[in-house]
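Asks: Sequence:
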Amino acid sequence: MIDLRTLRESPELAREAQRRRGASPELVDEILSADESRRAAIAAYEQLRSKQKGLGKRVASARGADKEQLLNETRDLAVQVRSAETAQTTAEADFETVMRQLPNLASPQAPAGGEDDFVVLEHVGEPRDFGAEGFQALDHLELGKRLRVFDIERGAKVSGARFYYLTGVGALLELALVQMAMDRAQAAGFLPMIPPALVKPRAMEGTGFLGQAAADVYYLPDDDFYLVGTSEVPLAAYHSDEILDADALPLRYAGFSPCFRKEAGSYGKDTRGIFRVHWFDKVELFTYTTVEESYAEHERLVQWEKDWFTELELPFRVIDVAAGDLGLSAARKFDCEVWIPAQGRYRELTSASNCTDFQARRLGIRGRFSDGVRPVATLNGTACSMARTIVALLENHQQADGSVQIPTALQPFLGGRKTLDLAG
RNA sequence: GGAGGUGUCGCCUAGCCCGGUUUAUGGCGCCCGCCUGCUAAGCGGGUUGAGGGUAAUCCCCUCUCGCGGGUUCAAAUCCCGCCACCUCCGCCA
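Residue numbers for the first sequence follow numbering that gives the first Met the number 0, beginning at 0 and rising by one.
Calculated from the structure, these hints are not laboratory results.
Yeah, the Cβ is synthetic: ideal placement off N, Cα and C, and Gly gets one too.
There are no misleading hints in this set.
Derived Cβ-Cβ restraints for the label pairs, each shown as a range:
1) L120 with A160: 30 to 36 Å
2) Y266 with T407: 38 to 44 Å
3) R48 with E15: 35 to 41 Å
4) E121 with A186: 22 to 28 Å
5) Q68 with L197: 56 to 62 Å
6) S369 with E95: 29 to 35 Å
With these hints in hand, go ahead and build the complete structure from the sequences.
Replies: This is how it looks when you write it as structure tokens:
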């Protein structure tokens, strides 16, 4: 992210960075002014406090009239110290408030523009031509109903719209995907984790989900808990306020957790089936490393995701998300979009973000290096998002007879099962 | 949810009742040195961490005894609230 030094030395660069992200350039000036007040308040407090300490020592050893004299002096000083302390606390809080609104610095390589200005980096695999195969492809809702993979009606009855039950083979399919994703993650050096899905505000705020994304987050006011929208949150907060041993980096974790999303503002979008839901389970990859190493790690995350879809025999493309569509914390983001036949387009199934030191600064995660203590970098990437992967598998691997073929790589995790069909 | 106990510088620990000379005691570990055929042992010294100032590994300042408030000229120490852990009870998968 833009650190304070850069902000102070070249505010115009920072303003430009804000414009590039579609964020307010004026924020930079607000921060600078808050920073100035904060520093002045700290300096004033520290000076008074130092004086007070010196006097305190003399009071301790003084006797009689000397002591009375010193006590009078220090009493006056104490009043000043107290007000200086209040001023400092206020100034720091004000500074934090504006500073926390500043998004990460977008990578210079990220394409300019907003949501529609992504750049397609590559296509892997070919969408099937169902017409040529002589049958009309069904959408995942139809397939899922017929094969009893999920139960949307009862999901709605019990929990409302955008909820579902995974049933029978559907439930087994998710468990198989979890196992396979964890297996591949472990092979790549990630430590399997099952983190808490309810977190305190600090974790949510530190990962950058209480900014522009706040409307999408479930909150339990009685207990002051947030429901995580991804295990990125508890995995990032795992090492909060810690100083990591540089030799231990990179630290890699694969978290499996439910994900809860309000999907506010998406009314009417993707209402069919289980493509866009309020809850799904996901295996997420998370890395702590150095900022210098983060770029290479980002490439590796994308490569692991590509390998995953190749193993699942799903046609996909990789996009480079534009600066204006990066959210608060990412400096750069690559999405893998899988072909969804019934929709006739590529849809996001995984996303890999390099958050550089943005989350680490906010969560107090630093590394001890030979040249000192510095914030580390954090990265996250989807290993497997269950509901959407099930959608993709059903639609892409459907057969003329209404059955669905299980990709070879996934079969061992389903007890050797090769197809989903009405019989079983 | 209820009762009691605990939380100190990497780890263990003293200090808290009775507030000030605590720049927090001692041990372990770690680092440097001495000594010794080698090793072990022994001896001497060093060692909380973070933030900031500075050209600076010198030096200076602030913060740091679970967290946050309060009392006081002054808080590890007194008071209040919270959190975590332990023991017991209750409840529960």
